Amino acid sequence: REEKIALTAQMKKEMELQWSELRDKEKAGREKEIQLNLLIVKNQEAERGFDGRRRDFEENEKKVVAQKNKYEGLVVEEIKKLETISSYTAEEAKEAIKTQVIDSARLEASKEVKKIEEAAKNNAESEARKIIAMAVQRLASDHVAEITVSVVELPNDEIKGRIIGREGRNIRALEKCTGIDLIIDDTPGAVVLSGFDPIRREIARRALEKLTLDGRIHPSRIEEVVEKCKKEVNQSIIQSGEQAVMDVGIEGIHPDMVKLLGRLKYRTSYTQNVLQHVKEVAWVCGGMAAELGLDVQLAKRAGLLHDIGKAVDRQTDGTHTQLGVEIATRYGENKIIVNAIAAHHEDVEAESIYAVLVTAGDTISASRPGARREMLETYVKRMSKLEEIGDSFEGVEKTFAIQAGREVRIVVIPGGISDEKASLLAKDVAKRIEKEVTYPGEIKITVVRESRYVEVAR
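Residues in the sequence shown are numbered consecutively from 749, following our numbering.
Mixed in with the good hints, there may be bad ones.
[Said to hold, decoys possible] FRET-style restraints, in silico, Cβ to Cβ:
#, residue 1, residue 2, range
1, Arg1062, Lys869, 38 to 44 Å
2, Glu1097, Asp1043, 18 to 24 Å
3, Glu843, Thr1064, 46 to 52 Å
[Stated by the list, open to error] Calculated lysine to aspartate or glutamate pairs in the DMTMM-like style (CA-CA distance at most 25 Å, straight line):
#, residue 1, residue 2
4, Lys978, Glu990
5, Lys1179, Asp1139
6, Lys1083, Glu1039
7, Lys958, Glu1039
8, Lys1183, Glu1094
9, Lys1133, Glu1099
10, Lys958, Glu980
11, Lys1146, Glu1168
12, Lys1183, Glu1198
13, Lys1007, Asp995
14, Lys1175, Asp851
15, Lys1083, Glu1099
Worth flagging that the hints you see were computed from the coordinates, not collected in a lab. All of these numbers come straight from a predicted model, not from anything done at the bench. Beta carbons are placed, not taken as given, at the ideal position from N, Cα and C, and that holds for glycine.
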């Protein structure tokens, strides 16, 4: 019985607790209902206010449309009156005003462009000089152009007869094995080697020196020595490529590309040794990359490989940039390197800052004093072409190519060209030169506009 009483009390307690919870929930529900009703009322009031504002807006819109139509009618009437007074139609007046505005805008734009260009040029030149100066200071290189040696000194003139051999068999054998022409004339103590392939010329030079020192000169001995010299030159090519990679301080270049780099030792461009040139470009690019906070190794790699196509351009059709791109792609170089090779003569657009660095480094190495020389005929043709381009523009009185073609000075007719147009003329001439003339480095265009007034006192 006590258990029943306790159970009943417990159940009663639980029921009271549940009733209490239900009352609380009911109270909360009533409060939410009240809040919801308040929100509904507010929403209805807001909706009524919105309807009122919408009606006001529609009425205002109607008024605006009416005013617009009224003013458009007035404008049409005024235009008709103006056409009657001025004897110009609306289209003719528009065209006259348009022409005047365009001419004025062009003049103002030319002035602003000139100001902006001068400011940008001053800032850019200052920063560029600083970066290039810091990079070039790190470069230590001989400032003497390399001239290919094609003369082999002989111990005495008597050995010339032995080099020629009976009925010329020795000289024919040597020329056949090496692919190089031997010129034996009255020059005392020397034989001249003539050939376009510098590697063959080097093989012939080494072979001839060995044969003259040994004294045994006959066709079979010539073939034996030439084969030996070919192996020596091939080994020298590999060693030169490896040394170049070590000098620049980069890793991971394919062995075949290292060998191609070595071939550049026997390749010249305007008498500048190409292997030395690519090393210089790599060092300059690395220096500029360091100053700009870029990847120095990537910049050096792009500089070292930019002329790799010159190692095979004598045996394969195509420009050295096209061949360089093919070689770099074949041996797995990344897209930045490939683009730097393709863009270093601006044949394609530069896709990265590294391509721009290579172009700059190539120009610096090629343009430094003593680096390159060119044939007189090519030089004269370029100078004539520069003057011809300048003279072809309207308003030009005379053009002078000065400072070995590094500057073009254009004298214009003062009455024919204004100061603003002179700036545009310099830009147009520069574009024509970039398109039509091949030249190392850069060419400065100077337009001279001078007015002179002369009176005689009697």
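Do the hints match the structure? See the list:
{"no.": "1", "hint": "Arg1062 - Lys869: 38 to 44 Å", "result": "holds, 41 Å"}
{"no.": "2", "hint": "Glu1097 - Asp1043: 18 to 24 Å", "result": "holds, 21 Å"}
{"no.": "3", "hint": "Glu843 - Thr1064: 46 to 52 Å", "result": "violated, 59 Å"}
{"no.": "4", "hint": "Lys978 - Glu990", "result": "holds, 18 Å"}
{"no.": "5", "hint": "Lys1179 - Asp1139", "result": "holds, 15 Å"}
{"no.": "6", "hint": "Lys1083 - Glu1039", "result": "holds, 23 Å"}
{"no.": "7", "hint": "Lys958 - Glu1039", "result": "violated, 49 Å"}
{"no.": "8", "hint": "Lys1183 - Glu1094", "result": "holds, 11 Å"}
{"no.": "9", "hint": "Lys1133 - Glu1099", "result": "violated, 32 Å"}
{"no.": "10", "hint": "Lys958 - Glu980", "result": "holds, 12 Å"}
{"no.": "11", "hint": "Lys1146 - Glu1168", "result": "holds, 19 Å"}
{"no.": "12", "hint": "Lys1183 - Glu1198", "result": "violated, 29 Å"}
{"no.": "13", "hint": "Lys1007 - Asp995", "result": "holds, 15 Å"}
{"no.": "14", "hint": "Lys1175 - Asp851", "result": "holds, 19 Å"}
{"no.": "15", "hint": "Lys1083 - Glu1099", "result": "holds, 9 Å"}
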